[in-house]
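**Q** Chain residues, written in single-letter form:
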Amino acid sequence: MSKEVLLRVKDLRVRLKATGALLFEGVDLELHAEQRLTLIGESGSGKSIFAQAIIGILPDALQTSGCVEIAGHRTDGQRSRTQPLWGNTVVMLPQEPWSTLNPLMRILPQVAESAHYVARATWPKARAAALAGLKQLGVDHAAHQYLHQISGGMAQRVGVVAAGLGGARLLLADEPTKGLDDDSREQVAQLLAASQGRGQALLTITHDLDLARQLGGTLMVVQRGNVVEMGDAEQVLSNPQHEYTRALVAAMPAKWAPLVQPLKPNGAAVIQGRGLSKRYAARRLFDDVDISIAPGEVVSVSGHSGCGKTTLGNILLGVKSADRGEVVRSPVPRWKFGKLYQDPLAAFPPQRRLRDALNDLVRLHGLNGARIGPLMQELSLRPELLDRLPSEVSGGELQRISLMRLLLLEPAFIFADEPTSRLDLITQQDTMRLICRATQQHECAVLLVSHDPWLARASSHRQIMLAGH
Amino acid sequence: MFRILFSAGLRVLTQAGFVAVVVGVLSFFLTRSLPGDAAFRIAAGRYGYDNVNAASAAAVRAELGLDLPAWQQLLTWVGDLASFRLGQSMVSGESVFEHLAPTLGATLHLSLAAWVLAVVLGVVLGTIAEVRRGWIAHVIDKVCTVLRGSPPFLIGLLLMLGLAVHLKWLPVAGYGDTENVVLPALTLALALCGGIAQVVRSRLEQVLASDAFEFAQIKGLPLGAALWRHAAPAVALPTLAYSGVQLILLIEGVVVVETLFAWPGVGHALVHSVVERDVPVIQGAALLMGLLFVVLNTLVDTAVKLLDPRQREGNGAVASEGEFA
Amino acid sequence: MSQILTTAVTAQAPVVKSSPKTASPWRPAAILLALAAWAVASIWLAQNPHNQDLTGILAAPGAGHWLGTDHLGRDVLARLGEAVRVSLGLAVGSASLAVCVGAALGLLAAWWGGWVDRACNLLADAIAAIPGLLWVLLIGALAPGQKWALYSGLVLTAWVEFFRFIRPTARGLLMSDQVQATRMLGFDSLYVLRWHIWPPLSGSLLKLWSYAVANAVLALAALGFINVGIRPPSAELGQMMTEALPYYGEAPWLLAAPVLLLAVTVLVLQSLSVAIARRFES
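Protein chains in written order, with my numbering: chain A, 11 to 479; chain B, 10 to 334; chain C, 366 to 647.
No lab work stands behind these hints, which were simulated from the structure alone.
Among the hints, erroneous ones may be present.
As the list claims (entries may be wrong) - Some chain B residues near chain C, calculated using beta-carbon distances under 7 Å: (1) F162; (2) I257; (3) V265; (4) V283.
Built from N, CA and C at the ideal position, the CB exists for glycine as well.
Assemble the whole structure, with the sequences as input and the hints as a guide.
**A** Written out as structure tokens, the structure reads:
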């Protein structure tokens, strides 16, 4: 018995109305009930545009051509034609629960309303169905609370229940693991798998290869608006054919070769922490931690979110103080201890051109300005980038400029706080490679914080795990 | 929740206290700044100008302790105020309290009418402007900007000339009939509704474009249900909060509008007493207006806090899991 | 939105938003300057605004008096000039002083924190407990018609708004990662002030300043209207309106002139602040 075709896409193209520029190339696919399809691509690849075209919320500036059919209804990406299908046939799972759930309404009514308005159940029946759905995902105790009283993970599960109660058979998930760490990603993958009940199809759009592997099903790889490879998920990931897919798979930190050279013993530790303890509100973050980093050494700190990795780094830098313990730094000027931020924009005054900001620094400490050119080359940065404002430069480039600025100071120590977690897979790999190479060459001690244990292992000499309590 | 109510009560008391002190001190210096002999003036106020002489002035001086050093007089003055002894009008001799009591009712009547009208006008205009884009929205926006920039006395003046003098639809001034409240209330309402309309419109625009509203629709909710259950509360709460800001305009406007339309409220009494230099009445009226503002302001703020579950249900903010620490 | 979409849309397709035709602050600024210039020039070029001519009262606009005369025979044009001079002068002066006081206290409170912050906040909240007009009324009543009383009242009420804007903004900025990074690099507080605090604040301060000027003009007019503000024979827009009311039937231009002028002045000031806000937002 052939399963119902819930989604049929034929030759879908998306263009900019004003110029006719093609943002998403033609693609043909069919999604049957109980099937899973995952779209993989980096930011700017057009995969979100594809999702928006399916659900019918493309911005007015774009137009579609080709055929989109949802459960037999011809929609062609038009909002007017897709809207009647919302909730009862097709639904998009919420990406960020904090912005998609209503903070002024209690949880149960906002979950039950899908059942009432879409599945046309009476309020008592709708509430019962909502409660059952929440219970299935383990969040029924949140039913009478408000959004601000539950955690992010719980809110996400609530969102999934709320979306599904209308009875939709085609589920769309757009970047469901954006900004989440490993454990949460596991939960989300399980959530997506669980939400796909009998007779439903799941279409997931993500840049996260690990999620794609966990979900299984069919995998479609998209590069700059074109589909470059399609096939069974496990197959494609273990045996990629197209070179872009190969680069993507190789860029997964689990596949990285070590980025650091073995350390030559070269003298006293640049920075040492002894017996550091810190508590935050009622929680004890860490207790009696000893740490010591030598010049040219990279030490990474990993652990669950909220375990205090960033706080430890800030304490070593002297930006925050520990409750107990001491920090000993080598006797160089304080400004030789620097930081790389997770968000590269956080490191620069927003209205100062990069060249001017660098010159300010050179003047301030009497540095050698002639080193800027060679450093730019070392980090593969084009010279004209410096004429721009920080907001006019891409994330990867800005992070490297930030590194270059630190190297200009001939730093003794750099605290790299998740320096690449906001970047694409391939950009992330390139940037980490450059960071490791540069800091080793300049004999700088590095404390690296990362949520990704593979990245940490490949990029550091030693790994510290903060257990957390 | 009781925490909110408690802190509201505390706030009213402290602010009311401050208002009383400021008004009291300023009024005190006001008295001393008047030209001529205060004792003589007070005696004249009591017995009439023709009946006073040096002896009666001396008697008043002794009675009121006007010989004492300034700071002692100040203390007595503030002490009087604290025990609600507002004294008598220097002009009419009538007790300040009796003089002002009926005015409070009139002001409340006017303010309530104006505020309700302003909110209705503002919400209607703001919603239309947001829902019907195009030239209507543009016109409404311009009108609101003009209204916001127009002082209440100007609006009142124009309304008075237009509706009362030229068209003779409404009485020019006065008090008593329902039609008397229309012009003054409309004046104040027009002065306030511009800001409210713009706030409603901008909030509505934000809410309609928000992820939460989009999700409500994607879940499958019909437009009406989505608007009523999700959009309306999200717009109503900040609008209510904004009306707290509008209270300042209301109180300031009341002073001028009551004077223009001869509406016998507290504002009118204040202005008259300032012109006549009748300090006890100045003090009483200013105190009354100040207290009115404090109470209304706290009421609005407390209402907002009680209606917003995020502020009502305590610190439920659990650290969001699963994000990079 | 994906990067392709954002760069494509912003680079090529025009943004579909309703933007006003006058987005530039130069036009209202020019009008304002012209107004101020006329008001100042009228000191020498116009007739004496206090000159009463009881034989020529309520004259219609004509050769001798371009805007006619009022009920005491004084030249309306000259009185308008004086009124604008006095109002704008007081308004600009008090707004500027209020900016300085509010900004200074706001920065102080944000920088020091602790008890300084609490004290400033307490002061601001206390002053805000009484509506502005009431303050000006009470202080103005202390010394009727005296400029310093009006000045103090206006400054007292205006600085709170500036303070309430600057303090949280500066605080947020000072606690930001950007400032942390700059400080770690070794830059001093002056650099932080110049490149982190000032740029985001400057536009808003200018906008608030022009709002404050408009408010001050309106407050003075309101006070003049209820005969509590600037004392006659000095001309004031609100007072001119009150004086003109009884003669509305015979000499409507007497009322129209100050009304129009006030409307124009305030409108120009407001479009100036809106234009400045738009300029600095982009």
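**Q** Is the interface hint satisfied for V283(B)? The criterion is a beta-carbon contact with chain C at less than 7 Å.
**A** 5 Å, holds
**Q** For the hint on V265(B), just tell me whether its beta-carbon gets within less than 7 Å of chain C.
**A** 5 Å, holds
**Q** Per the CB criterion, is F162(B) less than 7 Å away from chain C?
**A** 5 Å, holds
**Q** Could you check if I257(B) really has its C-beta closer than 7 Å to a C-beta on chain C?
**A** 5 Å, holds
Checked against the numbered hints given earlier, this structure breaks none of them.
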